[in-house]
Amino acid sequence: MTNYLFIEARDPFASRDTEFLERTAIALRQGGHEVTVFLVQNGVLAARQNGSDAYLSRLVGAGVTLLADDFSLSERGIQAAEMRPGIQPAGIETLVDALLEENTKAIWH
Amino acid sequence: MTEKKLTLALMDPPYESANSTTALRIISAALKKGIHVNVFAYEGAVCLPLKDQTPHANPVKGTTVEEEDHPTTKALISSLLEIGKENPLLTWVNCGLCVDERGAGNVVEGVRRGSPADFLKMAQESTNTLVIPTK
Numbered sequence: 003m004t005n006y007l008f009i010e011a012r013d014p015f016a017s018r019d020t021e022f023l024e025r026t027a028i029a030l031r032q033g034g035h036e037v038t039v040f041l042v043q044n045g046v047l048a049a050r051q052n053g054s055d056a057y058l059s060r061l062v063g064a065g066v067t068l069l070a071d072d073f074s075l076s077e078r079g080i081q082a083a084e085m086r087p088g089i090q091p092a093g094i095e096t097l098v099d100a101l102l103e104e105n106t107k108a109i110w111h
Numbered sequence: 467m468t469e470k471k472l473t474l475a476l477m478d479p480p481y482e483s484a485n486s487t488t489a490l491r492i493i494s495a496a497l498k499k500g501i502h503v504n505v506f507a508y509e510g511a512v513c514l515p516l517k518d519q520t521p522h523a524n525p526v527k528g529t530t531v532e533e534e535d536h537p538t539t540k541a542l543i544s545s546l547l548e549i550g551k552e553n554p555l556l557t558w559v560n561c562g563l564c565v566d567e568r569g570a571g572n573v574v575e576g577v578r579r580g581s582p583a584d585f586l587k588m589a590q591e592s593t594n595t596l597v598i599p600t601k
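Protein chains in written order, with this note's numbering: chain A, 3 to 111; chain B, 467 to 601.
Excised from the complex, chain A in its bound form (with noise of 0.2 Å):
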């Protein structure tokens, strides 16, 4: 079983890519593997509970773990109190335990 760190900036009103994402970590977590997607910078904009796109829901639903980072959520005024069920904020220090966890495969999105 490999780890698979996603690390996301970008945001589902800007890009459609964050669509393959979506497709990719539940695929992965669907063969078993665990799977954890970051959001940093813009990415942190689809974590708030009344933006109209709910793929993170979705990406929660399917047992991907979902971190926001509290630096880019601060920086956009949002409160963790506004943010969809199961998407937990993070200091980037969790960011580097992840990268360092042994058999972590980390991509950049």
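There are no misleading hints in this set.
Here are the computed lysine to any residue pairs in the SDA-like style, where the Cα-Cα straight-line distance is at most 20 Å:
1. B:K601 / B:Y481
2. B:K499 / B:E548
3. B:K601 / A:D13
4. A:K107 / A:E24
5. B:K470 / A:Y6
6. B:K470 / A:A108
7. B:K470 / A:T96
8. B:K587 / B:I598
Simulated from the structure, these hints should not be mistaken for lab results.
Since the structure of chain A is provided, determine the placement of chain B on it from the hints.
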């Protein structure tokens, strides 16, 4: 592999993308954890440690250089190289051909010139490698 080591490949030029800020935050966090870090700067990223960068006033807001306190990537990288002087060690390599194309050879102390072969070696000796592309 006993010691943890992280390699990053950067491609964005300074002041163009939030990718640079995030990359510098990752490097800083890793060094503070005692993790060795390698950076291979490619394409426009070779200008990140360019010594010729100067902070500026902001005439639109009417602020002076001091009031603006404009952060430069060269100063941020110098600080990181100071933290990563020995243990943990930060190794920063600028792609030589990218430097020549851009005339970007005047860089802060601690940055060295190299080639993609250095990136391969860095990746081979690291716990993990993160490539941060421009788009």
